[in-house]
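Residue numbers (our numbering), protein chains in the order written: chain A, 9 to 110; chain B, 119 to 514; chain C, 10 to 175.
In short, the hints are calculated from the structure, not lab data.
Note that the coordinates shown come from a computational prediction; the quantities given were computed from them, not determined experimentally.
Where hints are given, some of them may not hold.
[What the hints assert, rightly or not] Keeping only pairs whose Cα atoms sit at most 35 angstroms apart, straight-line, the calculated DSBU-like set for lysine-lysine is:
no. : chain 1 : residue 1 : chain 2 : residue 2
1   : B       : Lys-181   : B       : Lys-149
2   : B       : Lys-128   : B       : Lys-177
3   : B       : Lys-177   : C       : Lys-172
4   : B       : Lys-260   : C       : Lys-172
5   : A       : Lys-95    : B       : Lys-177
6   : B       : Lys-191   : B       : Lys-177
7   : A       : Lys-109   : C       : Lys-172
8   : B       : Lys-191   : B       : Lys-493
9   : B       : Lys-181   : A       : Lys-95
10  : B       : Lys-181   : B       : Lys-128
11  : A       : Lys-109   : A       : Lys-95
12  : B       : Lys-149   : B       : Lys-177
13  : B       : Lys-260   : B       : Lys-177
14  : C       : Lys-172   : A       : Lys-95
15  : B       : Lys-128   : B       : Lys-149
16  : B       : Lys-181   : B       : Lys-191
17  : B       : Lys-191   : B       : Lys-260
18  : B       : Lys-181   : B       : Lys-260
19  : B       : Lys-128   : A       : Lys-95
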Amino acid sequence: MTGVPLSWYLILSAVLFSLGVAGFLLRRNVITVFMSIELMLNGVNLSFITFSYQLRQVNGQIFSFLVMVVAAAEAAVGLAIILTVFKNRATLNIDDVSSMKD
Amino acid sequence: MNFFLLSLIKAVVVAFVLLTALAYLQWVERKVIAHIQVRMGPYRVGPHGLLQPLADVIKLITKEDLIPPHANKFLYLGAPFFAVTMALLSISVIPFGSEIHVLGNTTWMQLTDLNIGILFVLAISSMSVYGVAMAGWASNNKYSLLGGLRSSAQMISYELPLSMAVAAPLLLANTLSLRHIVLQQTGYYLGFIPRWSIFQGPMPQIFSFIIFLIAAFAETNRVPFDLAEAENELVAGFHTEYSSMKFAAFFMAEYANMITVCSITTTLFLGGWLPLWPASAGSSYVPTLVFLGGAAVALYHGLNPARRMDRLTLPVVAVVFFLIAVAFLVPAVQAVLLPFFWFAAKTGALLFLFIWIRGTLPRFRYDQLMGFAWKFMFPVAVANLMVTGLLVAAFS
Amino acid sequence: MDVILFLIFAVIAVVCGINVVVQTHPISSAISLIGVMGSLAVLYLLLGAEFLAAAQVIVYAGAVMVLFVFVIMLLNAGAETRRGRSLLAQLLGIPLLLVFLGLMAYFAQRLFPATAMVRFGAFRGGTALDVGEALFTRFLLPFEVVSVLILIAILGAVVLARKELD
C-alpha cells in the first residue's frame, strides 16, 4: 500500500492514552504519575494532528500547539508543587501524603 | 544518479571533512593559545605538531576504560554516544556552497535542505542538554552531578536569548530554510557592500549577531562560560568519571558543537558561501592570492629558519600552498571550491574568535553567568526582536 | 516507505510508553518518555505537521522533559519499592486493557474508510507560514490567553520553588 491507513494513527493514539491512564492509576511515585499525564497529553496531540490531516485543515495543529503550551505550564507548576511536597513530607510516594483522607 | 546513492556519497564526504576538521581544530586551538601565551604549543610530534591529534587519539584509545561502581551503566555508556550524535547531526542541514555539477549530476553542497532547517538546528541544540545531564547523573559522583546540573541549567538558560537572536534575521529573510536564508543575502549595496544580514536594511542585525555569539559561547560551554567543566572547578564537572574513548567523545562533541554554531552564525548573519565583494570585481582570485601569500611567507621563513627542522618542513608547506593556489585557478575545481572557501574562511574566522577569547578572558562565576542570561541577555534579545519586527513591518 | 517508517516509530513509541509505566526508577521512565516524544515528532512529520514536529522536539522533549529530569536529579528519587498490590487488579488489568484497545481498534477501522490513507506530502498545510497565519489571525485570542497562562505558571513556579528568606 502506498500510505498508512488513518485508523492506525488513531489506534496508536488510543494505545498511548491508555498506557498513560494505566501509569496514572497504578504507579505510586508522584513524578511517574506526572509523566503518565504527559504521555496521555501526547496521545491526544497525535489524535488532533491526525484529524488535522484528514480534514486538510491546520486547526488541529493549532489545538495541538496550545495543548503543548498548556502542558509546559502545567509541568512547571506541578513540578514546583512536587518540590514543595518533598520539602515538607520527605517522600515521593503518593500513598504517604494522604493525610486529608479519612 | 540515484538519490540515495548521491546522498550517501555526500554524507560520507561531509563526515570525513568534519571529523578531520575536528581533529585539526584541536591542534589549531592548542597552537593559537600557546602563541597567545608566548610559548610554542605542540611541536615535536610530527612537523610543527601536526601529528599531535593522532597521538592524542592513540593515547585515549589505549587508556583504561573503566566504569565507576554503582553507576547506571546504560546512561553512563549512552551519554557520550548521545552527545556526539547530537553534535554531529546539525551539520546535515548546513549549506556549504551553491549548486554544483559534478560528473553529470547536479546537486547542492548541502546534505539536505529542510523547510524548517533553522528549527531543526534549535531542536538538536535543545536535545544536546541531555548528554551533559545524563553524564552528570550516571557517574554516581556528587561533583559530576553538580557539574552536570549546572551545565545543563546554563545551556537551557542561554537557549532563550539564542532563539530570540535567531528569530530576528528570520524576519528579514522570511524563510526558515537555511539555503534560502543564504540566498536572501545575495546582492550588493552600492556595488561593493554585501547584502549580508548584518548589513541588511531595514534593520542591520548587528545586535542579533552579538547576542547570538555570546549565547553560542554559553551553549557550547566555552570560556568565559565554562565554569561547569573547567579542570580547576568542581573537579572537571560532568566528565570527571569518564576515561579514554568516552572522554574523547565528549571532547569531540564540544568541538563539533563549536563548528556547528560557527557555521550557523555564518549562514544566518554573514552570508554563508557568498563572497565578500562581487565576482565581477575579482573576488574569485582571493583564494589564489591568499594561498600564494601563505606560500611566500612559508618560503621566506624556510630560507631563514629559526630551527633546523624548518629548513625542510617549511618549503614543503610552501609547495603545498602553491599547488592549492594553482588548483583554485582551474575552472572546474573553482566552481566547487570557491563557495566552500568563503564559507570556510568566515567560519574559520569565527572559530579563531572562539579560540582567541578562550586565551584572553577569565571565566564567569556561576551566579554571575545565570544572572547575565536572565537579567541582561534575555531582555536585550526581546527588545532587539521587537525593534526588528517594528522596522520590518513599517518598511515592508 | 510510509508504512515502514510508521511501523518503526510506532513500535518505538509503544515500547517506550510501556517502559514509562513499567520501570521502577523515575529516571528510566523519563528517558523512555523522551523516546516517545521523539518518535511522535517523526510521526507528526509523516502527517505533514512540520512546524509541530519541530515544536514537539524543542518545547516538549527539549524543555519540559529537561525540567522533569532536573527535578528527579535534585530530589534524588530512588527506585520505587513495591507495596502490596491486589492480585485481582493484576490478573484482570492487562486483559481488560487489551479488550478495551481491541474495541477501540475495531471502531476506528469501521469509522474511517479504507481509502483514507496517510501519505507523506499529501498535506502541505502544516508549514510555519500556515500555522503562523492561523495562530495570529483566527486564533489570536487563545494565543494571547495562553501567553498569560504561561506568565501565571512562571510566577507560580517561582513563588513555590523559592527558598524562604529567614
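Do the hints match the structure? See the list:
no., hint, result
1, Lys-181/B to Lys-149/B, "holds (25 angstroms)"
2, Lys-128/B to Lys-177/B, "holds (31 angstroms)"
3, Lys-177/B to Lys-172/C, "violated (47 angstroms)"
4, Lys-260/B to Lys-172/C, "holds (22 angstroms)"
5, Lys-95/A to Lys-177/B, "violated (47 angstroms)"
6, Lys-191/B to Lys-177/B, "holds (24 angstroms)"
7, Lys-109/A to Lys-172/C, "holds (29 angstroms)"
8, Lys-191/B to Lys-493/B, "violated (39 angstroms)"
9, Lys-181/B to Lys-95/A, "violated (43 angstroms)"
10, Lys-181/B to Lys-128/B, "holds (34 angstroms)"
11, Lys-109/A to Lys-95/A, "holds (21 angstroms)"
12, Lys-149/B to Lys-177/B, "holds (19 angstroms)"
13, Lys-260/B to Lys-177/B, "holds (28 angstroms)"
14, Lys-172/C to Lys-95/A, "holds (11 angstroms)"
15, Lys-128/B to Lys-149/B, "holds (31 angstroms)"
16, Lys-181/B to Lys-191/B, "holds (19 angstroms)"
17, Lys-191/B to Lys-260/B, "holds (17 angstroms)"
18, Lys-181/B to Lys-260/B, "holds (24 angstroms)"
19, Lys-128/B to Lys-95/A, "violated (54 angstroms)"
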